[in-house]
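Participant: So you can see what is in the structure, the chains are spelled out below.
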Amino acid sequence: AQRVTQPEKLLSVFKGAPVELKCNYSYSGSPELFWYVQYSRQRLQLLLRHISRESIKGFTADLNKGETSFHLKKPFAQEEDSAMYYCALWGDSNYQLIWGAGTKLIIKP
Amino acid sequence: DTGVSQDPRHKITKRGQNVTFRCDPISEHNRLYWYRQTLGQGPEFLTYFQNEAQLEKSRLLSDRFSAERPKGSFSTLEIQRTEQGDSAMYLCASTGPTSSYNEQFFGPGTRLTVL
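Protein chains in written order, with my numbering: chain A, 1 to 109; chain B, 110 to 224.
No wet-lab data here; the hints were simulated from the structure. The model shown is predicted, which means the values in this text are computed figures rather than measured ones. Beta carbons: idealized from backbone N, C-alpha and C, even for Gly. Treat each hint with caution, since some may be false.
[Said to hold, decoys possible] Each pair of labels, with its calculated beta carbon distance range:
#1 B/Glu187 to A/Met84: 48 to 54 Å
#2 A/Ile56 to B/Thr122: 36 to 42 Å
#3 A/Phe76 to B/Gly125: 48 to 54 Å
#4 A/Gly66 to B/His119: 41 to 47 Å
#5 B/Ser167 to A/Tyr39: 38 to 44 Å
[Stated by the list, open to error] In silico negatives: residues of chain B with every beta carbon more than 10 Å from chain A:
#6 Ile121
#7 Gly125
#8 Gln126
#9 Asn127
#10 Val128
#11 Arg140
#12 Leu164
#13 Glu165
#14 Leu170
#15 Asp172
#16 Gln189
#17 Thr207
#18 Gln213
#19 Arg220
[What the hints assert, rightly or not] Chain A regions said to be covered by chain B (calculated; three or more residues, Cβ under 8 Å):
#20 66–78
#21 87–94
#22 99–108
The shape of chain B in the complex, shown without the other chains (with noise of 0.2 Å):
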């Protein structure tokens, strides 16, 4: 296990189009958390799973975002009918449960671009 690791590293895709993500985060970890950064901004919370359950999502999180952590492994990310405000780096993380928290193990992201 190298550590937390995401699929794609880079998409484009044209406005309107759906894309899905994957996230595959350090094995022992049982809490996921997808994030959204943007150039000259730090990360910002999408919403995290703890184990398969999704258990907070930010307003940020619109009704075309969707996140699913399947039997509490990998995660996906899909955003249907992208638009170009959606164009960001999409950040996975895992942690816990025998570290803390916040103590936050990121992968090396997915550079979405929308056309």
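Bound conformation, chain A alone (with noise of 0.2 Å):
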């Protein structure tokens, strides 16, 4: 079965402090990952794909699939990166996004 897991439904930090967002999936295939990200009254936006292997707002997220893993990661973290983050999977049915029950991260000043 195809399933997103995100252990942690609230992670709290000190602005300043490495942040990690953890996200596992099973998945039998090559998966393709994402994160996605709602910050307050906004709408819910893709963060970035690990096809990408970019950085977006410091963020970056490494796809390990001996862990079958994809955790979130940032240095040092600021007060605007407080907000819901969604780790999904794009699986086998090419139509379909496999949703994880989300994180909620608040950096504390």
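Now that you have both chains on their own, put them together as the hints suggest.
Facilitator: The following block contains the structure:
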């Protein structure tokens, strides 16, 4: 079965501290993985995808097939990073994103 | 075109009533998705259209739910005989063909409350 697990519902860190949002997936093939973000009072939007291997707003995510993980990291958190973060998997169907439950990130001043 | 729009943004209804939501996608996008999101969960796929064709429906979509996308432009999602369990945020997203189908552009959502 294809599944995405985000084990932390809430993560709270101080400004300037490193951030790691965990995402684990279950998928038998070669997955395409994504992080979407929803800032307060804004719509859900794509943050980054593993294929691009890019850094967006200082965030990076590396696909680890051995650990079936796609954790989102940022070395120095900023207050504007506070948001809901969702990990998503594009699976076999070629039409459907499979979503994790999300992690609420709070950056304390 | 300022992005995906949804109407209404909020709907409060009594159990047993019918409700209809509208989604206007980004004009050049040929795929349109409907999701449902409840508190503490990620979006759950309901159905999607490619142009005017409804290609897939989730098992979550009971026979009380129906969606249309006439002419391949806007879409409507109707819920008949609403139940309290239908209370949720209903999200619409559009994508493709010039962007990857997994890069989806979301609307602001319609929050449904069934009393």
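Participant: Each hint: holds or not?
Facilitator: Going through the hints against the structure:
For the pair glutamate 187 of chain B and methionine 84 of chain A, the supplied restraint of 48 to 54 Å is violated, since their beta-carbon distance comes to about 28 Å. Range check, isoleucine 56 of chain A to threonine 122 of chain B: Cβ separation about 39 Å, and the 36 to 42 Å hint holds. Checked against the hint of 48 to 54 Å, the C-beta distance between phenylalanine 76 of chain A and glycine 125 of chain B comes to roughly 53 Å, which is consistent with it. One distance hint, 41 to 47 Å for the beta-carbon pair glycine 66 of chain A and histidine 119 of chain B, holds here, with the actual separation near 45 Å.
For the pair serine 167 of chain B and tyrosine 39 of chain A, the supplied restraint of 38 to 44 Å is violated, since their beta-carbon distance comes to about 27 Å. Non-interface call for isoleucine 121 of chain B relative to chain A: holds, since the shortest CB-CB distance, roughly 20 Å, exceeds 10 Å. Remark: the non-interface label on glycine 125 of chain B is consistent with the geometry, its nearest Cβ contact in chain A lying 30 Å away (cut-off 10 Å). Interface exclusion of glutamine 126 of chain B from chain A stands, the closest Cβ pair being 27 Å apart, more than 10 Å.
Listed as outside the interface, asparagine 127 of chain B is consistent with that label: its C-beta sits roughly 26 Å from the nearest C-beta of chain A, beyond the 10 Å cut-off. Distance check for valine 128 of chain B against chain A: the nearest CB is about 21 Å away, which clears 10 Å, and the non-interface claim stands. At roughly 8 Å from the closest C-beta of chain A, the C-beta of arginine 140 of chain B falls inside 10 Å, breaking its exclusion from the interface. Against chain A, the non-interface label of leucine 164 of chain B is violated: not every CB pair exceeds 10 Å, the least being about 7 Å.
Not every Cβ of chain A is farther than 10 Å from the Cβ of glutamate 165 of chain B; the closest lies at roughly 6 Å, contradicting the non-interface assignment. The Cβ of leucine 170 of chain B sits about 13 Å from the closest Cβ of chain A, beyond the 10 Å cut-off, so the non-interface label holds. With a least CB separation of 21 Å from chain A, aspartate 172 of chain B remains clear of the 10 Å interface cut-off, as annotated. No beta-carbon of chain A comes within 10 Å of the beta-carbon of glutamine 189 of chain B; the shortest separation is about 25 Å.
Residue placement check: threonine 207 of chain B keeps its beta carbon more than 10 Å from all beta carbons of chain A (closest about 15 Å). Residue placement check: glutamine 213 of chain B does not keep its beta carbon more than 10 Å from all beta carbons of chain A (closest about 7 Å). No beta-carbon of chain A is positioned within 10 Å of the beta-carbon of arginine 220 of chain B; the least distance is around 13 Å. For the stretch 66–78 of chain A, the stated coverage by chain B is violated: 0 residues have a C-beta nearer than 8 Å to a C-beta of that chain, whereas at least 3 were required.
Proximity of the stretch 87–94 of chain A to chain B, defined as three or more residues with a beta carbon under 8 Å from a beta carbon of that chain, is established by the 4 residues found. For the stretch 99–108 of chain A, the assignment as covered by chain B holds, since 4 residues bring a beta-carbon within under 8 Å of that chain's beta-carbons and 3 suffice.
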